[in-house]
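Student: Spelled out, the chains give:
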Amino acid sequence: MPSLGADMAAGQIVEWLVEPGDHVKRGDIIAVVETEKGAIEIEIFDEGKIQEVLVPVGEKAPVGMVLALLDGTADADAVSPTIPTLEESVTEEPRPLDAASPPETPFPATDTAQTTSPEPSERLRITPTARRRAAELGIDPSTLSGSGAAGAIILADIEAMLPEVATPTAPPTPEEPADRKSAIRHAIGAAMSRSNREIPHYYLGTTIDMEPTLNWIEATNKERPVTERLLSSALLLRAVGLALRQVPDLNGFWEDGAFRPGEGIHVGWSISLRGGGLIAPAIHDVDQKPIPQLMTEFRDLVKRTRQGGLRSSEMTDATITITSLGDQGVQSVFGMIYPPQVGLIGFGKIYERVWTNNGMIDAHRVIEATLSGDHRASDGHTGGQLLSLIDRLLQEPSKL
Amino acid sequence: MSNSAKTDQTYRGAVREAIRDALSRDDRVFLMGEDVGAYGGCYAVTKGLLAEFGEDRIRDTPLSESGFVGAGIGAAIAGMRPIVEIMTVNFSLLAIDQIVNNAATIPHMSGGQFTVPLVIRMATGAGRQLAAQHSHSLEGWYAHIPGIKVLAPATLEDARGMLWTALEDPNPVLIFEHVMLYAREGTLPADAGPVDIDRAVIRRPGTDLSLITYGGCLFKALEAAELLAAEGIEAEVIDLRSLRPLDETKILASVAKTHRALIVDEGWRSGSLSAEISARIMEGAFFDLDAPVARLCAAEVPIPYAKHLEEASIPQTESIRAAAVALMNPQ
Amino acid sequence: MTDSADGKLHITRENAQRLLRSMLRIRAFEDKCAELYTQEKIRGFLHLYVGEEAIAVGVMDNLTPEDAVIATYREHGHALARGIPMTEIMAEMYGKMEGSSRGRGGSMHIFDATTRFCGGNAIVGGGLPLAVGMALADKMRGLNRVTTCFFGEGATAEGEFHESLNLAALWKLPVLFVCENNFYAMGTALARSEAQTDISAKAASYNLQAEQVDGMDLIAVETAARTAIAKIRSEGCPQFLECRTYRFRAHSMFDAQLYRDKTEIEEWKKKGPIIRFSKFLRDTGLLNDDDLAAMEAEIAVEIEASVAFAEAGTWEPIADLERFVLVDEASP
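As they're listed, the protein sequences go chains L, X and V. So the first sequence is residues 1 to 400, counted in our numbering. So the second sequence is residues 1 to 331, counted in our numbering. So the third sequence is residues 1 to 332, counted in our numbering.
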């Protein structure tokens, strides 16, 4: 069956003008085929004797099918069978449109409702750039309500969370749903009151030269991809972890009138929650993990803290806690111990000051490290040991 | 040659200078269109040129858009550098077969054997109470077609400088001149020359939103930007200049900075150039967006005759300002 | 055939056989295309020139290499007569990169810059303004070149026909308009679409010199074309030839020809250009059986070679899809 048009898929034999035994030559009309455009005569392009007619009158054959045999050779007929190509469209009746019922509702109107406090829905309404910025800053946007269209959280809402970048024209951050915020404050209040009530605190402080650590970090980070760069927090963690190995009296709990050492050095890191409140989940076995791993776990912990997704073990297992207020620009912090722990290490911001070394005057980046200790479990001597160890460890960062 | 004295000019005068300059530089250049010669041009652009260059090179045509646009294409194929003037984009519909099926197509379809170094100039836009059949802005339709370039000079500098660059381009180039710009006044250096035809320009830098537009709406957008500044909103106004190809890099860089985009287009919004730009911003700057891309286009109506209705049908300074404010303060 | 001092047609044996051969070559090529189309080697639309060969051959014989030609989608015969290699045309039919348009155009869009063959146009009437423009350029550049524009009688209904004839006559442009009147615009007979069926009269109404020619008579076509082209070159004005002819095959391959009688077709076939011209040559002793057999054998070889060339051709890489949408340089 010859192809007579780009959209012809098949034809029906209406009439044969030759029969077996007839001699045909090139150009002879041998049959009439019905197509949707009407009856078309088909010619043969070869010469020979008709041997057998394969498709009788009245039958339909797809393009490419052998209609008759010539001279006994199977494919000597004018048409070489071809597989219909994908481009051929079907010549049958177009299939009726899917008879599914028409949509019950008219074309949905776009939701332009503007509410100032959206109901909680499965999907957070936040603009792409605000979402990205929130992630960069480690801010959990889910508790914000937005000032964008239909209550979407916009960039300004995120940036308003940072006191340094809040601009006068930024739309004011709307208040958080009242109950959640106050619940957090209540819980913290209870813990701190207990700490103040029950724990006799002593406080120690020292200034640590951070040049070796920072230089080491800078050199190391040159070779690391951006996503794997180290922060000083990882080294502080590690130094604290290693130091506590040698000063176990500060790594554990005061319970029932006695000290119980921790089963491993699990350092809690105090993380502020947006909207107020603190939480200090633990990184386990800080003394046993290499710094890159600590860095990864630390990053992950901060992210999960802000987005939700902390594990219960992280909430309960801290054997000591670090509070680092350097980001807030604070030089030194003397904080309150989280009961039943027996110590709290504080780090302030890294800042530059005059430093002397063998009589030489220079400018070094330093950090104020502090310890709040439970005087029931340890005294200033022990605490001092811990701080000096942390200091010494940070002077040789490559050994951490 | 380096006479940097500035002369007072109008947009139409700048176009005239551009045509004169082209005809003087290259013998292959000639201009043909309806009433370009004896009448001096429907918009007085070609006034005086017939006397200067003669009727072969400033060639009046019968009212045969398809015929003379096709002739322009054939002449370009055969070695000339014609400037075909279609009186307005409204009449270009009669010639759209020649533009789309011949000018835009023959180079590709012939495997690169025949090229069409042709320039077609058309007036476009609304604002003179000429009613629906004389008020279209169909640049967006042409910007849809591969094989042609589409320009919209808004400033005098571009009116003066784009034509020569377009004539030197071996591809068919369509230049759209907004009717309301012809009388616009300004100054040009006496030695003003060719400018590029493939880049958008930031006419007014800003930080709060990217106000993207072209042609007749540019100056309304700039006025709106001044009003917005008084309200504390700094709009960055981008003049597209080239509608095909679009200077995507510049658009996306601006949106990355401002996080908000308002596109002003005198065409109807459905399937318009503004829709294309919006799609590109979505594709290339999605994560920079702090609000959905906004568009201000002509009302979906045939442009009416009565002045107040015509004004309400197309973007105006005030409606641009209001749209920008709405974009900044969605609640 | 035309380089004689008195400008008259001199029919030498050599020339006569050359012209017959040209028609036979077109006929054989078109028949082969029909066969290949049924085998799906050629796809899309296929419009065959069978029966109209005398027009392309007769007109083209009078053109120089510098002249330009614009034709329609039924342009294989014109392309062959113009001298575009059969291999390239066949490869173009197949869609191969070795085709005259890199396989991008197919049957309806043969282009060849070296012979100034500017298509191959699928829009009825779309080529006429192009021809006007090409002639305008030649005139403005002071080049003594003729642009020949072939089109069917169906085009006379399109506005562009009227606009183009008017422009050519008004501006006195060197265009030869050749209307191949085969009496059917696809399925519509001329009398059903034109209030005025005398096409030369339409041309004359634009102040164009027009002549009606028997398109089945090669000598008549050749003579009329020679005269018209000579006039264009000497006077610089356009000329119009209406060549009355008939296509023996359908409008295109997928056409049941419901609109015309079989008997009518058979009548015209008997008066076909090849039959008539060969008879004339035999009668005047310029052709014998051996000559004919030799011609046909050579042509058959050339046809097979062009098919082999097309079969062996390559497909343009998809990576090149966007090449030539825009170009960096104008063609010379």
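Honestly, I wouldn't trust all of these hints.
Stated by the list, open to error - Chain X residues, not near chain L, derived (Cβ > 10 Å throughout):
#1 F91
#2 R203
#3 L289
As the list claims (entries may be wrong) - Calculated cross-link-like contacts (lysine to any residue; reagent style SDA-like; alpha-carbon spacing at most 20 Å):
#4 L:K25 / V:G187
#5 L:K60 / V:Q39
#6 L:K25 / V:R249
#7 L:K37 / V:D255
#8 V:K262 / L:G64
#9 V:K269 / L:G27
#10 V:K262 / L:L17
#11 V:K172 / X:E55
#12 L:K37 / V:K270
#13 L:K37 / V:F254
#14 L:K37 / V:I303
#15 V:K262 / L:G27
#16 X:K257 / L:R26
#17 V:K139 / X:D60
#18 V:K262 / L:E41
#19 V:K172 / X:P62
#20 L:K25 / V:I303
#21 L:K37 / V:E296
#22 L:K37 / V:E40
#23 X:K257 / L:G64
#24 V:K262 / L:P212
#25 V:K139 / X:F53
#26 L:K399 / L:P212
#27 L:K25 / V:E296
#28 X:K257 / L:L137
#29 V:K41 / L:I350
#30 V:K269 / L:A9
#31 V:K41 / L:G64
#32 L:K25 / V:A300
#33 V:K139 / X:L227
#34 V:K270 / L:A135
To be clear, the hints were calculated from the coordinates, so they are not data collected in a lab. Ideal placement from N, C-alpha and C gives every residue a C-beta, glycine not left out.
Student: Is the hinted pair K37 of chain L and F254 of chain V satisfied, with a Cα-Cα distance of at most 20 Å?
Tutor: holds (8 Å)
Student: K172 of chain V and P62 of chain X were given as a pair; does the straight-line alpha-carbon distance stay at or below 20 Å?
Tutor: Roughly 14 Å separates the two Cα atoms, so the pair holds.
Student: Checking one constraint from the list: CA of K399 of chain L to CA of P212 of chain L, max 20 Å. Satisfied?
Tutor: holds (11 Å)
Student: Far enough from chain L: is every CB of that chain over 10 Å from the CB of F91 of chain X?
Tutor: holds (36 Å)
Student: Does G27 of chain L sit within 20 Å of K262 of chain V, going by the straight-line distance between their CA atoms?
Tutor: holds (16 Å)
Student: Is K41 of chain V within 20 Å of I350 of chain L, Cα to Cα?
Tutor: violated (78 Å)
Student: Run the distance test for K37 of chain L versus E40 of chain V: straight-line Cα separation, threshold 20 Å.
Tutor: Holds, at roughly 19 Å.
Student: Take the C-alpha atoms of K262 of chain V and P212 of chain L, compute the straight-line distance between them, and say whether it is at most 20 Å.
Tutor: Not OK: K262 of chain V and P212 of chain L at ~102 Å, beyond 20 Å, violated.
Student: For the pair supplied as a hint, K172 of chain V and E55 of chain X, confirm whether the alpha-carbon distance does not exceed 20 Å.
Tutor: holds (14 Å)
Student: Are the Cα atoms of K60 of chain L and Q39 of chain V separated by 20 Å or less?
Tutor: holds (18 Å)
Student: Tell me if the straight-line CA distance from K37 of chain L to E296 of chain V falls inside 20 Å.
Tutor: violated (35 Å)
Student: K25 of chain L and E296 of chain V were given as a pair; does the straight-line alpha-carbon distance stay at or below 20 Å?
Tutor: Within the cut-off at roughly 16 Å; holds.
The structure is inconsistent with the numbered hints 3, 4, 8, 12, 14, 16, 21, 23, 24, 29, 30, 33, 34, although it conforms to all the rest.
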